[in-house]
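Undergrad: Take the sequence shown: its letters are residues 1 to 370, numbered as in my numbering.
Hints may contain errors.
Derived lysine-lysine pairs resembling DSBU-like cross-links, with alpha carbons at most 35 Å apart [said to hold, decoys possible]:
#: 1; residue 1: Lys35; residue 2: Lys192
#: 2; residue 1: Lys186; residue 2: Lys221
#: 3; residue 1: Lys103; residue 2: Lys228
#: 4; residue 1: Lys35; residue 2: Lys221
#: 5; residue 1: Lys228; residue 2: Lys271
Taking CB as the label site, the calculated pair distances span [stated by the list, open to error]:
#: 6; residue 1: Asp72; residue 2: Arg12; range: 38 to 44 Å
#: 7; residue 1: Gly48; residue 2: Ala351; range: 33 to 39 Å
#: 8; residue 1: Ala125; residue 2: Gly294; range: 20 to 26 Å
#: 9; residue 1: Gly134; residue 2: Gly32; range: 23 to 29 Å
#: 10; residue 1: Gly183; residue 2: Gly48; range: 37 to 43 Å
#: 11; residue 1: Gly28; residue 2: Glu195; range: 31 to 37 Å
#: 12; residue 1: Ala351; residue 2: Arg119; range: 19 to 25 Å
#: 13; residue 1: Ser322; residue 2: Lys221; range: 48 to 54 Å
#: 14; residue 1: Thr126; residue 2: Ala276; range: 21 to 27 Å
#: 15; residue 1: Ile204; residue 2: Ala341; range: 51 to 57 Å
#: 16; residue 1: Glu205; residue 2: Gly134; range: 37 to 43 Å
Worth flagging that the hints you see were computed from the coordinates, not collected in a lab. Idealized CB from N, CA, C, for every residue including glycine.
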Amino acid sequence: MDALTPSLTEARCLVLKIGSALLVRDGGLAAGWLKALALDVAQAHANGARVVIVSSGSIALGRAALGLPSGDLPLEQAQAAAAVGQIQLARAYEEALAPHGIKTAQVLVTLEDSTDRRRYLNSRATLEQLLSLGVVPIVNENDTVATDEIRFGDNDRLAAQIAVTVGADCLVLLSDVDGFYSGDPKSGTDAKRFEVIEEITPEIEAMAGDAGTGLSKGGMKTKLMAAKTATSGGAAMAITHGAPERPLELLANGAPATWFLPQTDPQAARKRWIAAMKPRGDIVIDDGAVAALGRGKSLLPAGVIEIAGQFGRGDPVRIVASGGRQLGIGLTRYTAQETRAIAGRRSGEIAAILGYPGRSVLIHRDDFAH
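With the hints as extra help, turn the sequences into a complete structure.
TA: Structural data, given as structure tokens:
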């Protein structure tokens, strides 16, 4: 194994992408393969990693259950198939992981959930809470409602976006090929598989093709797009063959794969993203809150003295000490109006003041950049 190759067993947060062609075979669920994969997920948990699974398969399962024809389906039929198949998909993961004492959750998203800052923060908070409770979220595009203009279009890019959202340090794309090649390995040419790609250059991009399987929408171009997103967000990304049983165990033991190296670490990437935002308002805080932020704590409503400007949930705001010194930029979990109402109050009072339960922190430490 190349010295530069990241260690899968040392990952703190792992996102695993599973395509339809692996999970659905001959119109039915590949139950034996999924049962073996559950052993890999359980091992990752035992190693101390948080795990998120981004899984295709709902339309393929629903198509078979409804007796719909092969090939492209009209939008309405595809959405109906997704609605039927999603139940089967969620149940399959639940039944596979339950014997290992692992709880699962279904999380359905659309492209809008990552492009709208408020919805992005809500999705991130939900995923973070699930992971902190030891749950394995099963994420899929919400095909029952998504139309072309709000679709990711493939789960490679969705998986990369989820990796950035949860601050993962490792993303594994289980594919029908064992890595990224200089050409089409099925064409009979002398295509070379890359062990490690440190930087995605124009030359690397020119090598990507569009070939995919009958059930999968993702070709190598989409995988390169996913790699760009993941590595710029601080995650190493691997492409490896997913059909064998225990693919993560095989990858950890040096199975053929291509690793894309991260360009930074996840936390640093997120902080740079926040720091570059234009603030929509100011929040002035007391000395106690200044000290708490300095110790890496979150900002609570109790530490707020004054609010300036109009901002919404998820908007960037400037955090200022009482003497006027700017401390950094943070993404607020409350609107300006809500922040004014709960300023100086304890978190336990929020529900009584606003009339509905809210989050205990105003700006989470992970959403604050010095």
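Undergrad: Please go over all the hints and tell whether each is borne out by the structure.
TA: Right, here's what the structure says about each hint:
Using a Cα cut-off of 35 Å, the hinted pair Lys35 and Lys192 holds, with the two alpha carbons roughly 33 Å apart. A distance of roughly 16 Å separates the Cα atoms of Lys186 and Lys221; the hinted pair therefore holds under the 35 Å criterion. Using a Cα cut-off of 35 Å, the hinted pair Lys103 and Lys228 holds, with the two alpha carbons roughly 31 Å apart. The hinted pair formed by Lys35 and Lys221 meets the criterion: a straight-line CA distance of about 30 Å does not exceed 35 Å.
A hinted pair counts as satisfied when its Cα atoms are at most 35 Å apart, and Lys228 with Lys271 qualifies at roughly 18 Å. Between Asp72 and Arg12 the C-beta distance comes to about 40 Å, which sits within the given range of 38 to 44 Å. For Gly48 paired with Ala351, a C-beta distance near 35 Å keeps the hint of 33 to 39 Å intact. For the pair Ala125 and Gly294, the beta carbons lie near 24 Å from each other, so the given range of 20 to 26 Å is met.
The supplied range of 23 to 29 Å is met by Gly134 and Gly32, whose beta-carbon atoms lie about 26 Å from each other. The supplied range of 37 to 43 Å is met by Gly183 and Gly48, whose beta-carbon atoms lie about 39 Å from each other. Taking the beta carbon of each, Gly28 and Glu195 are about 35 Å apart, inside 31 to 37 Å as hinted. A beta carbon spacing of about 22 Å between Ala351 and Arg119 agrees with the range 19 to 25 Å that was offered as a hint.
Between Ser322 and Lys221, the C-beta spacing of about 52 Å keeps the proposed range 48 to 54 Å intact. Restraint check, Thr126 to Ala276: a C-beta distance of roughly 25 Å satisfies the suggested window 21 to 27 Å. Take Ile204 and Ala341: their Cβ atoms lie about 52 Å apart, and the range 51 to 57 Å holds. With their beta carbons about 39 Å apart, Glu205 and Gly134 fall inside the hinted range of 37 to 43 Å.
Of the numbered hints stated above, none is contradicted by the structure.
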